[in-house]
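Number of protein chains: 2
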Amino acid sequence: MQKVNLMHKFSLFSEHWSPKVVGELNDQYVKLAKVKGEFVWHHHADEDELFLVIKGQLRMLFREPEGGRRQVVMEEGEFLIVPRGIEHKPIADEETHIMLLEPRSTLNTGTKRTRLTIDALEGI
Amino acid sequence: MQKVNLMHKFSLFSEHWSPKVVGELNDQYVKLAKVKGEFVWHHHADEDELFLVIKGQLRMLFREPEGGRRQVVMEEGEFLIVPRGIEHKPIADEETHIMLLEPRSTLNTGTKRTRLTIDALEGI
Chain A
19 MQKVNLMHKF SLFSEHWSPK VVGELNDQYV KLAKVKGEFV WHHHADEDEL FLVIKGQLRM
79 LFREPEGGRR QVVMEEGEFL IVPRGIEHKP IADEETHIML LEPRSTLNTG TKRTRLTIDA
139 LEGI
Chain B
19 MQKVNLMHKF SLFSEHWSPK VVGELNDQYV KLAKVKGEFV WHHHADEDEL FLVIKGQLRM
79 LFREPEGGRR QVVMEEGEFL IVPRGIEHKP IADEETHIML LEPRSTLNTG TKRTRLTIDA
139 LEGI
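These protein sequences, in sequence, are chains A and B.
Count along the first sequence from 1, then add 18; that gives the number in my numbering.
Count along the second sequence from 1, then add 18; that gives the number in my numbering.
Warning: the hint list may mix true and false statements.
Since the list gives no way to pick out one identical chain from another, each pair is judged satisfied if it fits inside one copy or across any two copies.
[To be verified] Quick list of in silico lysine-lysine cross-link-like pairs, DSBU-like style, CA-CA up to 35 Å:
id	residue 1	residue 2
1	73	107
2	73	54
3	130	73
4	54	27
5	54	107
6	54	21
7	107	130
8	38	54
9	130	54
10	38	27
11	107	38
12	38	73
Bear in mind the hints are in silico, worked out from the structure with no lab data behind them.
What you are looking at is a predicted structure, and each value in this text was computed from that prediction instead of being measured.
Chain A extracted, bound-state conformation (with noise of 0.2 Å):
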């Protein structure tokens, strides 16, 4: 049983959208990612992810039920937990750094895959 410092883990990898796992509980996984651009539209069918920006701004954009786009700009110390089944794509206009809760079983880009998808997770 070790603590895990976010900072440290941070300086240990320096490549974008490339979660690293930190902890795991529950069957979830603690990751940390370091992004910046914009990612893919995706969705997760059946798990519910947690981003929590811990330096930095995350935007996510969101397609309504409806049909519409939405937006939800994310500052350091604020979380947004994104349903299972909604369409969603991050974007940081500027490095940022994020904590990620969600489930084992969850792939990067959902239910697609694309030259961002990552099937061996690692840990640091």
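Guided by the hints, dock chain B onto chain A, whose structure is given.
Positioned in the frame of chain A, the structure of chain B alone reads:
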């Protein structure tokens, strides 16, 4: 779908050892608590628990399987996962703000009932 600002949520309550639900995902609750002083020794039979320090310092005491005791001191930006079954006792020498993640089924005092047990969870 609304973002949650941790600082704002912490400004809405002042009592100690009384976690407030601020989010729910995958049958887990995200809770915020202000803590000060010593909590009781307890364990959770089936639930792993994550403690993230948002402000202050949290000391977590454990009873090791072979009977010894150990302490982990967590500062701001550090988290610890206490696996199910492990006897633990959180202590904060000064008021400390923490974020918790644990299954909805989790009782704050684990397998025992004390005057600190909270049955009706409050959302804020």
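Here's how the hints hold up against the structure:
1. 73 <-> 107: Intra 19 Å, inter 30 Å, cutoff 35 Å: intra and inter.
2. 73 <-> 54: both (12 Å within a copy, 27 Å between copies)
3. 130 <-> 73: Answer is within; shortest intra-copy Cα gap is 28 Å, inter-copy 39 Å.
4. 54 <-> 27: both (18 Å within a copy, 28 Å between copies)
5. 54 <-> 107: within (12 Å within a copy, 40 Å between copies)
6. 54 <-> 21: Cα proximity of residue 54 and residue 21: in one copy and across copies (27 Å, 20 Å).
7. 107 <-> 130: Close inside one copy (13 Å), not across copies (44 Å); limit 35 Å.
8. 38 <-> 54: both (16 Å within a copy, 32 Å between copies)
9. 130 <-> 54: Within one copy only: 21 Å inside, 46 Å across.
10. 38 <-> 27: both (9 Å within a copy, 28 Å between copies)
11. 107 <-> 38: Classified as both; 19 Å inside a copy, 29 Å across copies.
12. 38 <-> 73: both (16 Å within a copy, 24 Å between copies)
When each numbered hint is compared with the structure, no violation occurs for any of them.
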